[in-house]
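Chemist: For reference, the chains in residue letters:
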Amino acid sequence: DAKTTQPPSMDCAEGRAANLPCNHSTISGNEYVYWYRQIHSQGPQYIIHGLKNNETNEMASLIITEDRKSSTLILPHATLRDTAVYYCIVRGSGGTSYGKLTFGQGTILTVHP
Amino acid sequence: NAGVTQTPKFRILKIGQSMTLQCTQDMNHNYMYWYRQDPGMGLKLIYYSVGAGITDKGEVPNGYNVSRSTTEDFPLRLELAAPSQTSVYFCASSKGNTGELFFGEGSRLTVL
Chain A
220 DAKTTQPPSM
230 DCAEGRAANL
240 PCNHSTISGN
250 EYVYWYRQIH
260 SQGPQYIIHG
270 LKNNETNEMA
280 SLIITEDRKS
290 STLILPHATL
300 RDTAVYYCIV
310 RGSGGTSYGK
320 LTFGQGTILT
330 VHP
Chain B
332 NAGVTQTPKF
342 RILKIGQSMT
352 LQCTQDMNHN
362 YMYWYRQDPG
372 MGLKLIYYSV
382 GAGITDKGEV
392 PNGYNVSRST
402 TEDFPLRLEL
412 AAPSQTSVYF
422 CASSKGNTGE
432 LFFGEGSRLT
442 VL
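Protein chains in written order, with my numbering: chain A, 220 to 332; chain B, 332 to 443.
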């Protein structure tokens with residue numbers, strides 16, 4: 220699975236949009252981009268995933284560049300409860316990729332009042 | 332639905348002791364996983380199972396064993412606990428081979 224690079228930390232004001240970048244320049248054609256977050260001491264929580272098209276759900280939006288080498292997770296109106304570590308993960312779509320979500324260091328997002 | 336339930340939440344073991352971390356899910360998911368997370372680090376896959384009676388090793392299986400006799404349960408056994416196994420353990424499940432995993436709240440284990 221392709222490696223990802225994320226900034227170690229980011230800040231955001233409450234009520235503003237949080238834009239979390241991720242670089243995955245070695246991604247291959249059948250690999251998806253997944254985002255998870257982990258609120259302090261809890262189990263990771265799935266947020267969203269995509270292949271090449273932009274995706275939106277009730278939690279966030281995922282913007283993937285046309286060349287698929289980077290993506291941005293957008294939390295449109297960040298709240299204090301969004302303070303967490305956010306993980307960007309690239310994963311193959313089948314074969315021996317069972318559960319192989321490679322969690323790196325992630326980005327620590329701190330939302331300020 | 333309770334989702335993925337792990338017990339115990341906290342445990343302290345002495346070196347050489349054995350114990351089993353319990354994991355059960357009520358979502359009828361066929362895939363289940365065990366991860367460990369060391370302080371300040373990401374999660375590492377220990378073992379996974381694609382269905383009852385089938386298990387396989389992940390990245391860091393040494394010192395652990397698993398079994399999957401039912402769809403719901405996926406216990407993780409630690410034999411001869413060592414300080415290096417001090418960690419937070421997360422169980423997860425998914426419906427099929429997808430990347431959308433549902434995680435439990437974790438079991439914090441300390442080996443002294």
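Worth flagging that the hints you see were computed from the coordinates, not collected in a lab.
Source: prediction; values computed, not measured.
Do not take every clue at face value.
In silico lysine to aspartate or glutamate, EDC-like type, Cα no more than 16 Å apart, as pairs [as the list claims (entries may be wrong)]:
(1) A:LYS271 / A:GLU250
(2) B:LYS375 / B:ASP357
(3) A:LYS319 / B:GLU410
(4) A:LYS319 / B:GLU390
(5) A:LYS271 / B:GLU390
(6) A:LYS319 / A:GLU250
(7) A:LYS271 / A:GLU233
(8) B:LYS375 / B:ASP387
(9) B:LYS345 / B:ASP387
Chemist: Now, for every hint given, state plainly whether the structure supports it.
Modeler: Hints versus structure:
| no. | hint | in the structure |
| --- | --- | --- |
| 1 | A:LYS271 / A:GLU250 | holds, 10 Å |
| 2 | B:LYS375 / B:ASP357 | violated, 24 Å |
| 3 | A:LYS319 / B:GLU410 | violated, 24 Å |
| 4 | A:LYS319 / B:GLU390 | holds, 9 Å |
| 5 | A:LYS271 / B:GLU390 | violated, 28 Å |
| 6 | A:LYS319 / A:GLU250 | holds, 12 Å |
| 7 | A:LYS271 / A:GLU233 | violated, 30 Å |
| 8 | B:LYS375 / B:ASP387 | holds, 14 Å |
| 9 | B:LYS345 / B:ASP387 | violated, 28 Å |
Of the numbered hints stated above, those contradicted by the structure are hints 2, 3, 5, 7 and 9, listed in ascending order.
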